[in-house]
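*Asks:* Please model the entire structure based on the sequences and the hints provided.
Residues per chain, in single letters:
Protein chains: 4
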Amino acid sequence: MRNKREVLASAPQLLLDNGAELYSLLDSTSSDAPCGGTEETTTGGERLRAALNLEIPVIVINDSPLKAIVENQHGVGQSAMESFLRITNLMPQGKRFLVIGYGWCGRGIAHYARGLGASVVVAEVDEIKALEAAMDGFAVVELPTAAQDVSVVITATGRPNVFTAEAIDRLADGAILANAGHFDREIDVDYLRAIAVQREDLDAGIESYSFEDGRRIVLLTGGRMFNLGGRAPKGNSIESMDLGFSLQALCLERIATHPTGLCPGPQPVPDDINRHLAAAMVRRLSG
Amino acid sequence: MRNKREVLASAPQLLLDNGAELYSLLDSTSSDAPCGGTEETTTGGERLRAALNLEIPVIVINDSPLKAIVENQHGVGQSAMESFLRITNLMPQGKRFLVIGYGWCGRGIAHYARGLGASVVVAEVDEIKALEAAMDGFAVVELPTAAQDVSVVITATGRPNVFTAEAIDRLADGAILANAGHFDREIDVDYLRAIAVQREDLDAGIESYSFEDGRRIVLLTGGRMFNLGGRAPKGNSIESMDLGFSLQALCLERIATHPTGLCPGPQPVPDDINRHLAAAMVRRLSG
Amino acid sequence: MRNKREVLASAPQLLLDNGAELYSLLDSTSSDAPCGGTEETTTGGERLRAALNLEIPVIVINDSPLKAIVENQHGVGQSAMESFLRITNLMPQGKRFLVIGYGWCGRGIAHYARGLGASVVVAEVDEIKALEAAMDGFAVVELPTAAQDVSVVITATGRPNVFTAEAIDRLADGAILANAGHFDREIDVDYLRAIAVQREDLDAGIESYSFEDGRRIVLLTGGRMFNLGGRAPKGNSIESMDLGFSLQALCLERIATHPTGLCPGPQPVPDDINRHLAAAMVRRLSG
Amino acid sequence: MRNKREVLASAPQLLLDNGAELYSLLDSTSSDAPCGGTEETTTGGERLRAALNLEIPVIVINDSPLKAIVENQHGVGQSAMESFLRITNLMPQGKRFLVIGYGWCGRGIAHYARGLGASVVVAEVDEIKALEAAMDGFAVVELPTAAQDVSVVITATGRPNVFTAEAIDRLADGAILANAGHFDREIDVDYLRAIAVQREDLDAGIESYSFEDGRRIVLLTGGRMFNLGGRAPKGNSIESMDLGFSLQALCLERIATHPTGLCPGPQPVPDDINRHLAAAMVRRLSG
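Chains as they are written, first to last, in the numbering used here: chain R, 2 to 288; chain G, 2 to 288; chain E, 2 to 288; chain V, 2 to 288.
Just to be clear, a hint being listed does not mean it is correct.
Note that identical chains are pooled: a pair holds if it fits in a single copy or bridges any two copies.
[Unchecked claim] Straight-line C-alpha distance at most 20 Å; calculated EDC-like pairs for lysine to aspartate or glutamate: (1) Lys96 x Glu201; (2) Lys235 x Asp204; (3) Lys96 x Asp33; (4) Lys96 x Glu143; (5) Lys5 x Asp28; (6) Lys5 x Glu41.
No wet-lab data here; the hints were simulated from the structure. Keep in mind it's a predicted model, so treat the numbers as computed, not measured.
*Replies:* Here is the structure:
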């Protein structure tokens, strides 16, 4: 595999980047700059917006509403529950799940957890989303207090340190912690490790932490995305991957064939591409 | 009851209007014009935006996201199914419901119909919303073709002539037509009446139309909002009404106490009022 | 309408009874006794079994498993929720429903209440049914303690005095009581009335009882089957009635055409008739 | 590990058998015969009933209603969907699942598949169970015709050759076959293998069979219980195993302490033990 500078030295006409690794090294004003490209991640898109002064169009794939619907809401919701069952081998029945965050991912997880028999409560700081959760039939609770009577915690906010030291202190013996958000900092794993007197690997992706007060807390996949982890995970569903590749292909084609129709800089997937792909997917799902 | 001009002649300081009936008669540049007011309906809000050059702030209540969530999605969804059961006395089981429109109202209706045992398909022209419907597990179908094998049609689009003559022509014998959208023109009732050879009132809110080809089609509540009609309807739920009144009261208070903090013309409910009320409602629902 | 003795004096060949009113006056050993008949109710069937020494076959319709599935589980479940919405005009969201009894009726009510957004807990004295409720995702609670934190109580046990004075004493202000069981003695309405200092009719089927301690308790339809009561109820669904009439007709035909193939006395619907009708209904529901 | 005859030669006082392997070698009239024992499986129970003339009590664990509820309905339903997601990495959305059998296992699978977004139809030869499926909102279809338009077939009947050669012939290209019943003969795998022109291992537990007509059919885990198979399966849930061990322990205790209170021969779990354990499990699930 060639390194990043070698990739750019080959004077590619189109770039397909992940995390803005290539764009950050690129002189987009150069005469042999690519005519444009795509960026897979939201984080890469933010990096492009914040610091880089690109002269070429870059379409940020992950901001497409199709990804939100297919991958975040349904894909993560399903993989979270598949992973919970696969990793822990526990039944959801009689367990109180606390889902933190009621964005696209959180609402998917909450609904699929309830569909599998769990009792689900939701914590959400945005008042409008919290109202949606309540109207969808989930009791809305407040952190850190709510940590004290839950069996399973799943974070899905995209923000760091959401399940704090104060919340960890209140967990009941046997509680299970899992994160489904992109970053592995939603649960304060450092604090968990710092106060534990013993750590034990129970199985692939299952660590048990014992505290001085006798409680044991279980952490799944080290606080990283548990819905893609544990023993023998398969990652995102085939349909999610298909969708991502289709978005990439159609956006790159657009840049290659209509470069002047796009303004320079990072930008969302063109609306007509979103609608074209959505319609194709609907036909396939309803056919 | 005084007429509209008399109301305005009393030089009110605040107006609470429905359909922009008062605002359209008002000289908002006059020295004794009210300091502002509210408008209940989306339609009134559009009228204000389109034609009136208001110099005073008018908050359009119905555009609040809280109304969309509480009243449109859940309120209409529940009242549609309550009304279907109350008016027809039929079981949803084994009946194929076609819900037209997957906006706030349509998705509520589709979910509650499925929850009560119906088989539900969705028609939606917006590709992104159609994808949401398909991922939520509803087959997405196309009009007018899809009309031919459904038992119950419920329109919820807010647009006129959605269930057209072509669709009516394809309906199977015994199909039931109902509209849950604000206006009574979603189903082409005129066509239905024009081609029928006989019309019969089966019960309150239930008309049966017989066609020359032998088919009989049932229309609920004359194509007007069936979820608020039929025998002994109670209208919107107490919680929906409470929400509307609370929004009205807080918005009028804002105008009375901070008139200069608001720009002139029609505008949405201030974000902080939405959040304040959403939080209060969440506490009440989860308490 | 002729009285019961006149009916019998006409020497009918087949009887269709409700509550064993006719059978209890009949001399089934007489030469002009009918060749048999049907009894609609379970109660009538018990009366026949307990006290009457019938020499002719009587098929008890209500014991058919088809009635349990169609009418008790789904019919009562749907009509209970339709009636709750119709009578109270309240949203189920954020309300804690206590369903008492997890037999055919209770499980239907619990599932449909959850499907409409309520939070549902179940009380059930039979340990096996209680386990089914818990595995179906409902918290199982104990009476009378559980009465203290519920918004709505629905009894569906078929037994008297299930919601006792002790339970009523623990209800929170504003709690709503409703019975969906056949008899109107599941809630101790006498106690409720005895201790109330004031009784108010809020609307058709809604009585409010005020207690000395300031609490107000709402009773729906006087403790009688609220799922068939309130303003403008339509009774059992058309499909339920169709099923009942079909069972009656086929059983009477069997008695008329094969009287010697049936043993004397009360007996369940012949298995082949149940299966024949079930298959016909499945074809209709899935067609 | 000692062989079976050695086990018996040690003159055990209690036996815990699986498949009646030990009982079939036992002389239960001998003076040093055990005072009784348990048999785990339904099959072993049938073997005991059919052929063996036991003089000692043997409690058949698997016939307990608790196993039906916890393990068959919910355990198999959850593990079937977990396995479908884990093995295939496909989304259930837009896929038509045909669940064959609507007994305890089948109804669990059908409900959990629908809860995860699949479109589900059911085939069931028992008319009463078929009516339950239809009233639960599933279209009931007939084999082999129904095989022609499904994406995924899951058998759960406990009977051999349920998905026949005729049904296989009608499958559409890409259909997926899986069995969740105890025996691996529900799908006619021999026929599938006989007519295939090519067989390919796509991944652990995923075989693809190509036919002369160009169709490819996918078979999961060779037609054996796919809900316990594929890469890295964990088997029955911890709660299912706990329940089985508890039933074993309590039944063996009963035999040891009250041997004369039980009649000789195979028999179900005593009712009081079922109720005692059900109550304990309900407390744990609702605690």
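*Asks:* Next, verify each hint and record whether it holds.
*Replies:* Comparing the hints with the structure gives:
{"no.": "1", "hint": "Lys96 x Glu201", "verdict": "neither (23 Å within a copy, 41 Å between copies)"}
{"no.": "2", "hint": "Lys235 x Asp204", "verdict": "both (18 Å within a copy, 11 Å between copies)"}
{"no.": "3", "hint": "Lys96 x Asp33", "verdict": "neither (59 Å within a copy, 47 Å between copies)"}
{"no.": "4", "hint": "Lys96 x Glu143", "verdict": "both (18 Å within a copy, 19 Å between copies)"}
{"no.": "5", "hint": "Lys5 x Asp28", "verdict": "within (13 Å within a copy, 67 Å between copies)"}
{"no.": "6", "hint": "Lys5 x Glu41", "verdict": "within (16 Å within a copy, 58 Å between copies)"}
When each numbered hint is compared with the structure, violations occur for hints 1 and 3.
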